[in-house]
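Q: One-letter residues, chain by chain:
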Amino acid sequence: MSAEAGADRTPDPLTEVAEVIGESPVRHALRRLSVYIRRNWRYYALWYVIILVYSAAMNTLPLAVGWSIGGLIDPAVSQAEVIDRCCLVAGLAVAGGGLRFISRLLVFNAAREVEYEIRNDLFEHLQKLPQSFYFRWRTGDLMSRCVNDLNSVRMLLGPGLLSVAQSPIIFVGAFIAMCTVSVKLAILMMVPYPLFILLARVIGGRLYLRSLAMQQSLASMSNLVQENIAGIAVVKAYAMEDDQAARFGDANDHLRSQQLSLIRTFAAMPALTGLLPAAGLGMVIVVGLGEIAAGRMQTQDLFAFAIYVRVLTFPAFMMGFAISLVQRGASAMLRIDEILSVEPSIADRPDAAPVESLSGAIEFRGLDFRYNQDARDAALEQVDLTIPAGSSLGVVGPVGSGKSTLASVIPRLFEVDDGQLFLDGIDVNQIQLSTLRSAIAMVPQDSFLFSMSLRENIAYGLPPGASEEAIRTAAERAELAGDILDLPLGYDTLVGERGVMLSGGQRQRTALARALALDPSILILDDTLSAVDAETERRIQTSLDEVFSGRTVLVVASRVNSVRHLDQIVVLDRGRIVERGTHESLLAERGLYARLAEEQERDEERSRMQAELDEPRDAAPAASAGEGA
Amino acid sequence: MSATARPEERVESEMDPHEEEALGRAYDGRLLLRLWPYIRPYRAQVTATILIVFPMFLLELAPATVVAVGINQILDAREMPGTEVLVESEGWTPDASLREFFTPALEWMNNPPDMFSNEIWLGMIFLVVTALLTVLSYGHQILMATTGQNAMRDLRRHVFEHISRLHMSFFDSIPVGRLVTRATNDVENVTEMFSQGLVALITDIFKMAGYAVVLFLLSPKLTLWTFAIVPILGIAAVIFRLKVREAFRAVRVKIARINTHIQETVTGMKVVQLFNREERNFSDFDRMNADHRDAWHQSIKYDSLLFSTIEMATGITMAVIIAVGTGIAEAGLIYIFIDYMQRFFMPLRDLSAKYSVMQSAMASSERIFEVLDMEPGVADPVEEMPETPDAMRGRVEFDHVWFSYGKTEGRAEEDIDWILRDVSFVVEPGEKVAFVGATGAGKTTIIKLLTRLYDVDRGVVRVDGIDVRDMPQQSLRRRIASVLQDVFLFSGSIARNIALGREDLDEVAVHRAAKAVEAHGFIERLPDGYATEVFERGANFSTGQRQILSFARALAHRAHILVLDEATSAIDTETEAAIQRGIHVLMEGKTAIAIAHRLSTIRDVDRIHVLAGGRLVESGAHSTLLAADGHYARLYRLQSEQVEAPETPAKLA
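Listed in order, the protein sequences are those of chains Z and H. Mapped onto the working numbering, the consecutive letters of the first sequence carry residue numbers 1 to 629. Mapped onto the working numbering, the consecutive letters of the second sequence carry residue numbers 1 to 653.
Be aware that one or more of the hints could be misleading.
List time: in silico SDA-like cross-link candidates among lysine to any residue, alpha-carbon distance up to 25 angstroms [as the list claims (entries may be wrong)]: (1) 221(H) x 356(Z); (2) 354(H) x 164(Z); (3) 128(Z) x 535(H); (4) 270(H) x 310(Z); (5) 128(Z) x 354(H); (6) 270(H) x 356(Z); (7) 270(H) x 76(Z); (8) 128(Z) x 259(H); (9) 270(H) x 133(Z); (10) 448(H) x 242(Z); (11) 270(H) x 498(Z); (12) 354(H) x 310(Z); (13) 184(Z) x 259(H).
Worth flagging that the hints you see were computed from the coordinates, not collected in a lab.
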């Protein structure tokens with residue numbers, strides 16, 4: 001088991017990356033980022049000007065130092081004169097420091113600006129992506145791209161870009177300044193630097209692959225932890241702790257070795273780049289001492305060169321560091337782009353029909369649906385169905401027969417082909433998403449709640465500033481108001497992550513209230529009350545009858561009692577409609593529906609008896625939450 | 001949060017979701033001490049990491065000396081002042097020991113072997129020293145990183161295993177994301193502290209002290225003059241620290257909000273889209289995002305200010321050295337001074353980065369230890385477990401059990417919110433029983449006590465004749481297979497989700513279990529059959545299918561006690577009946593305990609226990625209960641009156 005799991009944790013290392021994008025990752029990243037950089041061009045332009053001035057100041061400094069030292073060596077120069085020369089050095093240092101302050105401010109702030117823009121774009125894009133996307137992508141993976149990868153991109157744009165753009169300017173400036181002293185030595189000094197380009201290519205490429213591998217390893221370890229905690233009830237119930245620990249151990253070791261291999265490369269870069277100016281100085285010492293001995297050069301010039309080495313050490317070091325930042329940022333940008341480049345398959349068409357409201361008539365015309373192309377079976381097949389506006393439809397059928405799928409395609413949670421699903425006679429793909437979805441209120445099967453207060457959860461679909469009355473009415477209709485009154489904080493109770501503070505039944509009723517707070521022309525209930533006890537369910541049913549009137553209603557149920565009073569009932573089996581009619585006509589058919597109904601009938605009576613049997617217990621809601629019933 | 005946490009308290013603790021606000025100190029000795037056990041196994045490497053700094057320091061002294069020797073050689077040749085590198089013109093001689101230390105090295109540099117000229121010799125020394133230094137510092141970094149990564153792998157593993165052992169109530173009260181952060185990002189932050197914070201800090205302090213000492217010994221006067229700038233920098237650093245602490249704090253709080261918002265939106269995307277909340281959500285997000293950016297602008301300002309101040313100071317120091325040195329020191333010494341002063345200042349430049357690393361590492365380790373300090377709540381026994389008598393296998397006994405989710409000690413009897421009151425029953429091996437009762441009657445609690453997710457307050461729960469508290473939890477839970485209310489599927493194949501890592505469950509066992517619960521059919525129709533990947537949280541299966549898989553899982557494990565906790569809510573009645581038949585076959589001779597708010601689940605049971613208000617009000621076989629003429633009998637009669645005679649009478653064995 002664990003060997004197999006280990007194998008799928010390390011998807012083939014990245015050979016496909018370059019193939020897929022058809023260009024080098026760095027070039028790709030820069031091309032993508034140039035959009036954002038252009039948007040903030042003022043920052044960058046100003047920064048560039050300042051860097052030029054800064055480079056001039058910093059490269060004059062060693063000359064000034066040499067000049068001062070010359071005064072110190074030469075007995076002919078007075079002490080006061082030396083001090084004057086030192087003032088020039090100090091002045092240059094102050095100017096350099098000031099310019100440096102402004103340049104860092106500009107480039108780092110610009111990087112944060114771009115980070116802000118990319119994060120906004122990511123978020124906006126994520127909200128447009130359909131459910132099928134979220135099937136495929138794990139939350140942990142998406143989060144790691146939104147957090148860690150975005151961070152790496154920002155590092156590319158901040159310190160990375162700063163060094164990559166600034167170092168060449170400083171190097172050129174230094175070269176020109178050194179040439180004024182000695183062309184020969186200046187060339188010697190720069191000889192080792194072409195090596196740098198070679199280093200950057202070799203190490204940079206490796207760095208890129210390793211950082212991508214490390215990021216993947218980190219993501220899979222996070223997923224494992226996430227799953228272990230989210231599924232802790234199962235882990236404990238099946239005594240899986242040891243097995244999970246072993247799996248985690250593998251992932252943990254794998255991550256460690258990936259990180260170490262990244263660090264080995266990562267650390268090599270600054271170490272080697274630090275050597276370059278030193279190697280230059282070594283040669284300058286050898287040649288320079290000879291030159292001075294021969295009288296072709298002054299001692300102070302050697303001094304100035306030695307200072308240049310110090311000036312260039314940091315930019316060279318930073319350049320090496322920047323190469324790693326750029327590589328890492330490029331791989332991160334690629335991972336972010338993997339999300340951004342997913343076209344939202346469910347979006348408004350440019351030629352969308354100019355409808356603003358829908359009356360609620362729904363028609364399926366030979367609808368075929370499969371979740372993906374290679375699915376062996378269609379989830380829905382040849383579904384023909386007409387639901388007139390204001391009428392109600394019940395959908396029943398065995399487990400996995402396509403009931404929820406049928407409900408989910410109406411608000412276009414999944415994509416259907418053209419010509420198969422119509423609302424008010426308009427192809428659903430031609431209706432603007434906001435128009436479509438505001439005409440529909442749906443209670444999905446999994447009653448997801450947000451970690452806000454109960455009030456905010458119920459008012460989720462209402463415009464800001466919804467009236468207290470609207471919220472209370474919705475809560476009452478969903479039989480939730482009584483529970484809320486018992487809570488110490490009432491409507492302000494925070495429901496916790498995914499609503500963990502509430503019992504399963506309370507969660508479902510909150511999700512129901514959230515839908516009932518709206519005034520939709522179509523109401524879809526997807527097996528909404530499975531965790532609600534029979535008595536409460538009956539009471540809810542009564543208030544629902546009132547809500548149903550005048551709306552198109554679609555009720556998905558695994559039990560027939562929730563649909564028996566509806567105008568029309570269809571029975572699904574393996575994605576096909578096998579029976580249709582009303583409760584009575586279907587019972588008379590003595591088919592699948594009748595069999596389900598008979599089981600149900602007995603069940604129902606037992607439940608009613610049971611309810612009477614239990615003395616009503618004045619249980620605090622807290623206790624029921626503790627029970628988790 | 002312990003076992004006794006009351007739900008109300010949980011609600012309160014939930015009200016402060018942004019724990020990051022507690023961030024502050026960058027150094028906490030107590031926390032570092034607690035990290036020590038993880039470093040201890042690697043103390044040899046840590047020692048090596050620190051010791052390596054000394055040769056590195058000595059080597060770092062060399063390059064500037066080489067240049068100085070070269071300069072002085074030239075000046076000597078021209079009969080200019082400056083014969084001795086280490087002598088100040090004022091007549092002060094450096095400390096004898098330092099001199100002794102340096103003199104052989106200087107002589108060696110000044111007297112090349114015959115085959116080399118002076119300049120070649122110096123150039124060679126320079127390059128060799130620099131190369132050596134590079135190798136050493138690379139080795140230093142790798143050693144540091146390896147040690148950090150090893151220690152943190154151990155810490156991460158410890159955190160993970162500790163979390164797995166924690167009490168169930170703990171998981172109700174803390175969001176999943178927060179716990180994941182403990183084992184991932186928080187450990188990552190602590191690792192950073194090792195490689196970039198703590199060890200780097202120690203190294204830096206050693207080196208700075210070393211340079212200060214060497215400079216002072218070379219020329220006290222020049223050193224005092226140039227170090228006049230250090231107190232100013234010190235004050236700047238303190239101000240910076242105060243300002244930046246606030247700025248970093250603001251940043252962290254804001255990024256935490258952003259990430260929580262993304263996470264929640266992603267997991268609840270279906271609801272977001274269904275309710276047309278995209279625009280409003282986006283404008284909320286935009287505001288948070290902009291706040292975060294603006295908070296960074298503050299912190300960038302201080303960071304840049306510190307950085308450029310240090311750079312400025314380095315330049316000014318050069319001017320001071322030359323100005324003060326005029327007349328008292330020669331060119332070689334001045335070069336040495338300039339070089340060492342710059343090396344002295346270097347560590348200060350990225351002080352803000354180190355500060356930030358330390359600060360978040362401290363906050364992270366605090367949070368990690370908060371989790372590690374939580375008691376598992378239910379502890380395994382120390383003594384060996386008693387033998388299980390064969391005749392007892394599958395026997396479950398509740399012996400005068402009292403239980404409350406709240407605290408019981410020190411409370412008046414009438415204040416205790418008892419969930420179970422004096423409940424006693426025995427389920428004999430092979431018996432099938434059901435518990436019925438309203439929400440809050442205590443049905444699910446019975447399961448939780450049986451699997452020892454909680455401990456009883458009074459009385460004893462025995463499984464296989466042994467008090468569950470005398471059994472290791474894993475051993476207890478291997479005896480019991482549960483089908484839980486909330487079905488959780490793991491990533492990986494369907495087969496893995498049924499076998500759950502048990503190696504003795506082969507394909508045959510998995511298929512048999514799946515067939516028994518009518519899952520085989522739909523699994524076989526999937527593109528890859530049993531090898532089909534399950535998406536996150538089982539998103540590619542309907543709720544009903546997930547519940548069926550959960551049944552298959554329980555049956556495959558062939559425990560001798562099966563527990564069903566309201567497991568069929570999303571399953572249609574016909575499938576449910578089929579499942580019941582499958583369970584009946586596979587569970588022949590084994591114990592089964594069922595809980596349901598729909599009575600259909602209990603049609604095959606031998607005995608029914610009726611719970612009300614935490615008490616067992618009635619129990620017995622269907623027929624016994626009828627004969628007893630109590631609640632159940634009354635209800636049964638009610639049933640016969642109301643329902644037309646069913647075609648197939650309920651099977652009550």
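Q: Now, for every hint given, state plainly whether the structure supports it.
A: Going down the list of hints, with the structure as the test:
| no. | hint | in the structure |
| --- | --- | --- |
| 1 | 221(H) x 356(Z) | violated (86 angstroms) |
| 2 | 354(H) x 164(Z) | holds (23 angstroms) |
| 3 | 128(Z) x 535(H) | holds (20 angstroms) |
| 4 | 270(H) x 310(Z) | violated (58 angstroms) |
| 5 | 128(Z) x 354(H) | violated (40 angstroms) |
| 6 | 270(H) x 356(Z) | holds (23 angstroms) |
| 7 | 270(H) x 76(Z) | violated (84 angstroms) |
| 8 | 128(Z) x 259(H) | holds (18 angstroms) |
| 9 | 270(H) x 133(Z) | holds (11 angstroms) |
| 10 | 448(H) x 242(Z) | holds (21 angstroms) |
| 11 | 270(H) x 498(Z) | holds (13 angstroms) |
| 12 | 354(H) x 310(Z) | holds (23 angstroms) |
| 13 | 184(Z) x 259(H) | violated (56 angstroms) |
Hints 1, 4, 5, 7 and 13 from the earlier list are contradicted by this structure; the remaining hints agree with it.
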